[in-house]
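Peer 1: Given next are the chains, with one letter for each unit.
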Amino acid sequence: MADDLLKLMQQWLTQLNAQSMAPDDMAQWNLWQQAFAQMQPFTAADTPLQQAELIALLTRQSLEFTRFAEQILALLDKTESKAELSLILNQFHDHLRRLTHDWILQRWQLPEQLGALFKTHSFQDDLLLDNPFIHGLKSLLNSPALLGLNQRLQRQLQYGVDLLIEYEQALAEYSGHYTDINNAATLAFLHHIDSSEPAINSLGQLHDLWVESYEASYAVRIRSDGYRDAHGRISNAVMQIRLFLQELRNQQLQQLGIPSSDLIELLVERLNKQRKQIKQLQKEVTLLPELMTELTELRQRLDRFTSTTPGQDTPADTVDGQDRA
Amino acid sequence: MKGLELNPERIREELSAFQQRLQQSYQTLRELGTVDVGQTPRQLIFENDKTRLFYYAPEGASTLQTPVLICYALVNRPWIVDLQPDRSLLRELLGRGIPVYLIDWGTPDAGDRFLDLNDYINDYLDSCVQACCRHAGCAQVNLAGICQGGSFSLCYTALHPQRVKNLITLVTPVDFHTPDFTLSHLALKVDAALAVKTYGNIPGELLNDTYNSLMPMRLGVQKNLGMPAQLADPQKAMNFLRMERWIQDSPDQAGEAFRQFIEQFFQQNLLLKGEVKIGAAQVDLKRIGQPILNVYALQDHLVPPSSSRALKDATASRDYQELTVNAGHIGIFVSSRGLKLLPDAIADWLKQHD
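Protein chains in written order, with this note's numbering: chain A, 1 to 325; chain B, 1001 to 1354.
No lab work stands behind these hints: they were computed from the structure.
A virtual CB, placed ideally from N, CA and C, is assigned to each residue, including glycine.
Please note that the accuracy of each hint is not assured.
With beta-carbon atoms standing in for the labels, derived distance ranges [as the list claims (entries may be wrong)]:
| no. | chain 1 | residue 1 | chain 2 | residue 2 | range |
| --- | --- | --- | --- | --- | --- |
| 1 | B | Asn1208 | A | Val285 | 39 to 49 Å |
| 2 | B | Pro1203 | A | Thr179 | 26 to 36 Å |
| 3 | B | Ala1193 | A | Asp77 | 56 to 66 Å |
| 4 | A | Gln151 | B | Asn1208 | 40 to 50 Å |
| 5 | B | Gly1274 | A | Pro259 | 35 to 45 Å |
Covered stretches of chain B, as calculated for chain A (at least 3 residues, CB under 8 Å) [stated by the list, open to error]:
| no. | region |
| --- | --- |
| 6 | 1009-1017 |
| 7 | 1094-1103 |
| 8 | 1106-1119 |
| 9 | 1172-1179 |
| 10 | 1192-1201 |
| 11 | 1219-1225 |
| 12 | 1243-1255 |
Kindly produce the complete structure, drawing on both the sequences and the hints.
Peer 2: Here it is in structure tokens:
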């Protein structure tokens, strides 16, 4: 399998070098995709996990980079006009904006259960915009008892919808910061290109310049109070939804008489208290022999003291005498 | 756009070179075996729940009466100080005749959800200090804390000053509210109690994402696109994989300890105010009179130098010294620049204070 893959990659390289096909020829692109597609079984079967994961990551990134490079090539081959360079930069900007967008959605994705729910609906892409599902559900829940929902469940679902709305708004606010960061980075990027001496002539340089421009804009923005608040808001919104779903699940489990995570947590908390008590007892038990030794030594010293000073009351005698009296 | 002269020929060459390196990378990754880390011989001398204490014997006779005990952070794993034979701060110290003990906190599971800072500092760390003293036949240790482990070491020294002879803090956050402390700034509005209620233990993966988000393009796109250049060569690939393995090896955080650390240290900045509570005790840094060597990295994007430098006026120590290394938070331990400077500086300072 691995040899097949490498052969396929070699074939692609040969084609690229020989320019035997037009750069925008889809066949070339398909060949490359085919090579990447073959990577998955190859990595799973032959390679240690860490390397396999790295290969998967490399594959994803390379696919993006190659696709972008080929789009640029296609544009360059079509025209020699410098005016068209703005098109190239737009391509580049779109390419990176897509990466950023994917990153945001991946980082702040909904809990698995909700994600799965939305994926079953065709409007999944509208989630951030209009979101008919949420509106529909909300209006449904606003109609009282006719639906047969008991009040508690209705209240819970209403709360769930509120959480989803908060998530949606928080994500929109958070994404807004990234739009601003991208715009500021693009301005800086264009400025750097314009003043670049000598001129930039490779995609690698272009990438590096973008990274510099982006990180500079990003560093300024994330230190702002607005970004900090948006980051806190989206973090908390995602966690609240996750917690809400967990609590719903726990209630269902409780009704069925199955131990829930709440119950397990309670047990863990009690065990932890007992663990601390046992450790404290162990410490005290460990100290006991030392205390016993000290006590024995004290007794011996007292005996010696008593035997060398006959006729004097010892503190113990006094105590005994008082007790007897 | 006068500064841009893209040429199809040049891009084809670039793409071709990229793909060739990529091809070579796949080949290399396929051929590389298991990634070895932390290879320096060691001896397990003590265990307390999941916490383990390892002893590393010095090469030849010991040059110090008091051994070094390294206290690493709860985040990530301590073997960054022993990444590989030629990039090992630990091995360098042993080579200078310094006996080293290293704490491994282990990996918390669901049963550890309620472990708190009191457990980590007054039980695990304290018992390791005592085990170290018993093993080395001494009454005190030279405590070296790294990052969060440095904050723990400060707390421990303030609470148990009689057990610490000298204190070394490495890339340690002290003032959590300096203007350039981005990580702390971002943590300010995150509800730590909600996080713990939601996740129980905090997933290590979540924390890794947070660290990466501090420089998303540099640690994402740029790093990934630069990978084929690293991976094409087997030796470089192995070094890269070791580092990656360390980055990915991020244990979950015991929930309650995480909450206390975020709230007291990050959000309320109580360490510097002398108001951190560990169990029933309050941590007053002014109780620290030990000699201190404070090491920080100039390019540290996680713990900025401004945060570490706040230690200078925070304690009662009259013997305070700083060492700056022109490296990053991790580079200080694994870069040639860091390893050229750090082992000698630490060894010399310890010998002067033994």
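Peer 1: Which of the numbered hints above does this structure break?
Peer 2: 7 and 9
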